[in-house]
Structures are given as structure tokens and as C-alpha cells.
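Peer 1: The hints should help you fit chain U onto chain D, whose structure is shown.
2 protein chains.
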Amino acid sequence: MFTSERLRQQIHFLREIDNLKQILRQTVLIKDQRQENDAEHSWHLAMLVMVLSEYANESTIDIFRTIKMVLIHDLVEIDAGDTFCYDEQGRVGKVERERKAAHRLFSILPSEMMQEYIDLWEEFEAMETPEAQFAAAVDRLQPLLLNLYSEGYAWKKHGIKKSQVIERNYHIAEGSKILWELAKNLIDEAVSRGYLIDA
Amino acid sequence: MFTSERLRQQIHFLREIDNLKQILRQTVLIKDQRQENDAEHSWHLAMLVMVLSEYANESTIDIFRTIKMVLIHDLVEIDAGDTFCYDEQGRVGKVERERKAAHRLFSILPSEMMQEYIDLWEEFEAMETPEAQFAAAVDRLQPLLLNLYSEGYAWKKHGIKKSQVIERNYHIAEGSKILWELAKNLIDEAVSRGYLIDA
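First to last, the sequence lines map onto chains D and U.
Take our numbering: the last position of the first sequence gets the number 228, and nothing is skipped along the way.
Take our numbering: the last position of the second sequence gets the number 228, and nothing is skipped along the way.
Just chain D, same shape as in the assembly (with noise of 0.2 Å):
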């Protein structure tokens, strides 16, 4: 069927990648109120950084890169499943089990296309360059955008408070301050409207 095994591995590597429609997240959409899945999160992610991107703090930020990198933050839940991100007992092992999850997805690729994403996600993970951070930023944006113009169904399931989202987004910043100050804002909307409770 295949007529390289280049192109064998490529398109395994595609039919793989289907499963992270599969990963739900907390967050539910606007709409419905239905769990987001990684997939969804993931395109909307990386139309935060095209719509976005004037904000970063850089202001000579490789777009380009930083959406590559959202587009694939998230495939290792693939493997090591969502963890809710003020369940502090599920986030332990989180680092390693993630990072066993790339080395298996991303090895299904030719071995230099696995180098290429497995470098863009380790630079996610660390969170040092601009883009990283830029793309961190959106990657917290974007669930307190859903969150508040869902009324807060996610944090008011799990009781969340204003200083646990404080805590939690407060790196926004490195990547954009604009996009914090908007967030600051939108986080005593959140409160204002009994979303959060203000503690």
C-alpha cells in the first residue's frame, strides 16, 4: 500500500495522532458545555497565537514555530492522559510518564522528523524561549476564556478559587504582559460573576 517506508511511518505516525480527539479535558465548551478534547484545545490554541501573536513580549517571535509547537504540546496525553491542573496528586509522575509518551509517539516518525518534534516539545516543556512562553501564555488563555464564558462551570464543579487561577496563570506574563493584564481582568469578571469563589 505504501510506496516508501518513510511514507509508511508518516502516515502511522497520522492514523496514531486521531486518539488525541479522544482526550477530554475539564474544560467545557462555550456552546454546550460539553469536556473539550486535546484535539479541539490544540486548533484553538493555535488560532490564539495567529490572532495573538502581536502581544508577545518578543516582538520578533517565530509564529510559524509557536504553532507548531501547540499543535503538538499535547499529543503525549495520547499515552499519559489529561491531569487536571489544581489535582496536585495527579501531577506527580506527570514529567516522566509524559516523557516516555513522546519518545513513543514521536519514534514512529523517520528518525530526523522524531529529533524535529521531540526538540519543539522539550521546548515547550521548558519554557525559556520566547515562543515557548508565548505559547504557554495562550495555552493558559485559552481555558479561562471557555471557563468564563461558560459561567464557570468547570471551576464551580470543582470549587476553584481566584488565588489557585492566580497561581496557576501568573506565567502568562513571561510570554505576554498584555495578555495577563487581560486575564487579571477576566479573572475578576470571573469572580465578580460567582464563578470563582474569591479567596
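These aren't lab readings, by the way, just hints derived from the structure by calculation.
Be a bit skeptical, because a hint or two may be false.
Each computed SDA-like pair below joins lysine to any residue, with the alpha-carbon atoms no more than 25 Å apart [stated by the list, open to error]:
#, chain 1, residue 1, chain 2, residue 2
1, U, Lys206, D, Met142
2, D, Lys60, U, Ile207
3, D, Lys213, U, Met30
4, U, Lys213, D, Leu36
5, U, Lys129, U, Glu154
6, D, Lys60, U, Arg44
7, U, Lys60, D, Gln62
8, U, Lys206, D, Arg54
9, D, Lys60, U, Asp108
10, U, Lys186, U, Ile216
11, D, Lys60, U, Thr112
12, U, Lys60, D, Lys191
13, D, Lys60, U, Arg126
14, D, Lys191, U, Lys185
15, D, Lys190, U, Arg44
16, U, Lys206, U, His187
17, U, Lys185, D, Asn48
18, D, Lys60, U, Arg128
Peer 2: Same frame as chain D, now just chain U:
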């Protein structure tokens, strides 16, 4: 809540397009035969572009622009809905409905961004540039893969014939001769497994 009218428009757009996750396609996911939605599909296409761009007929295509095109290509379906590609009646008036949708959606954005997105979408629709031709190729190949690996679920449900699939998909060759060779092999495999009617 917003520090500028520009940022308010951008966030409004990013909120509005959350609804792409509500638009169901006929194709189903490999693992559980759930219908795929347009956001998942758009993410998957971006991954196909990343992984398979080496097979584009034109070796110099702008991969970044191609990815942007596939990320936004289905947004018009938020208003216009998804039309099953083998539904001849459903296709009547599709172009007009989608153009109207493009203008409503993209005009939520600041005006120069609106123009950029309308241009990208028009480029995709016209299928004339090498980027648009490659984007169209992966837009055809991805459902072929899902159909084959979900044991022909959507094809069998609608009693689809091999000749219909060939007719629908031979445009792949304009973007990538190699991926069209692959597609023909996938189609033959589907016929031999009884997923497609051999006619």
C-alpha cells in the same frame, strides 16, 4: 475588561470560533466511530501538512501559509454547516452561503486582519496556488485515512462507490502526485476489504 477595542474584537472572534467544535462531519474517528467535528479535522489537517509537506508537487511551498489556510478553511461552516461531499443537493448554494459566512465571521476582527483571513480563505477555495492545492490534497486525504481505518464506517453507511471516491479525490494529484498514488492504493485496499462498492 479589555484594554483596547482591537483586543476586544480579537477575543470576540476567538470566542465565536469555539463553535467550530460543534460542526459535525460525516467521517468518524478511528477508535470509537464518533463523528469528527470541524475543529478536530482542522487540527488533523495541520498535522498532515507538517508531516507530509515534502510530498507537495512544488518543493518550495510556504508551509506556514498552508497551515494557516487549513486552520481557518472550515470556519465558514459555523454558519453554513457541513455539506457531505457526496450530497449533490446539499451542495446547491454552498458557495454563496459560505462567502456570506466568511464575511460575517472575519469582520469580527480588526479590519486588516479581516482582510488577511478573507484572502487566505479565498485562496484556499480557488485551489490555484501550490499552497492551496496542497491544502486541498490533505483535506481529501485525511477523511480517506479515517474512512479506511474506521473500517469504511461512513462509506458503508451511505453506500458509497469507488467511482465516487475517485471522482471526489483525484484533485489530490494537483497538490501532490505522490499522495494521489497513496490515495489510489488506499481506495483499492478499501474496495478489497468491502468498505467501498466496486463500481
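Peer 1: Straight-line Cα separation of Lys60/U and Lys191/D no greater than 25 Å?
Peer 2: violated (38 Å)
Peer 1: With a cut-off of 25 Å on the C-alpha distance, tell me whether Lys185/U and Asn48/D pass.
Peer 2: holds (22 Å)
Peer 1: Under the criterion that the straight-line Cα-Cα distance not exceed 25 Å, is the pair Lys191/D, Lys185/U satisfied?
Peer 2: With Cα atoms ~51 Å apart, Lys191/D and Lys185/U exceed 25 Å; violated.
Peer 1: Does Lys206/U pair with Arg54/D here, judged by a C-alpha cut-off of 25 Å?
Peer 2: Violated. Lys206/U to Arg54/D sits at ~39 Å, over the 25 Å cutoff.
Peer 1: Check the hint pairing Lys213/U with Leu36/D against an upper bound of 25 Å on the C-alpha distance.
Peer 2: holds (14 Å)
Peer 1: Verify the proposed pairing of Lys190/D with Arg44/U, using a straight-line Cα cut of 25 Å.
Peer 2: Measuring from Cα to Cα gives roughly 23 Å; hence the hint holds.
Peer 1: Verify the proposed pairing of Lys60/D with Arg44/U, using a straight-line Cα cut of 25 Å.
Peer 2: holds (10 Å)
Peer 1: Under the criterion that the straight-line Cα-Cα distance not exceed 25 Å, is the pair Lys206/U, Met142/D satisfied?
Peer 2: holds (22 Å)
Peer 1: Has the given pair, Lys60/D with Arg128/U, been kept, meaning a C-alpha gap of at most 25 Å?
Peer 2: holds (24 Å)
Peer 1: For a C-alpha distance cap of 25 Å, please report whether Lys213/D and Met30/U respect it.
Peer 2: holds (9 Å)
Peer 1: Can you confirm whether the C-alpha distance between Lys60/U and Gln62/D stays at or below 25 Å?
Peer 2: Status holds; Cα separation ~23 Å.
Peer 1: Against the 25 Å threshold, does the CA-CA distance of Lys60/D and Arg126/U hold or violate the hint?
Peer 2: holds (22 Å)
Hint check: violations occur at hints 2, 8, 12, 14, 16; the rest are consistent with the structure.
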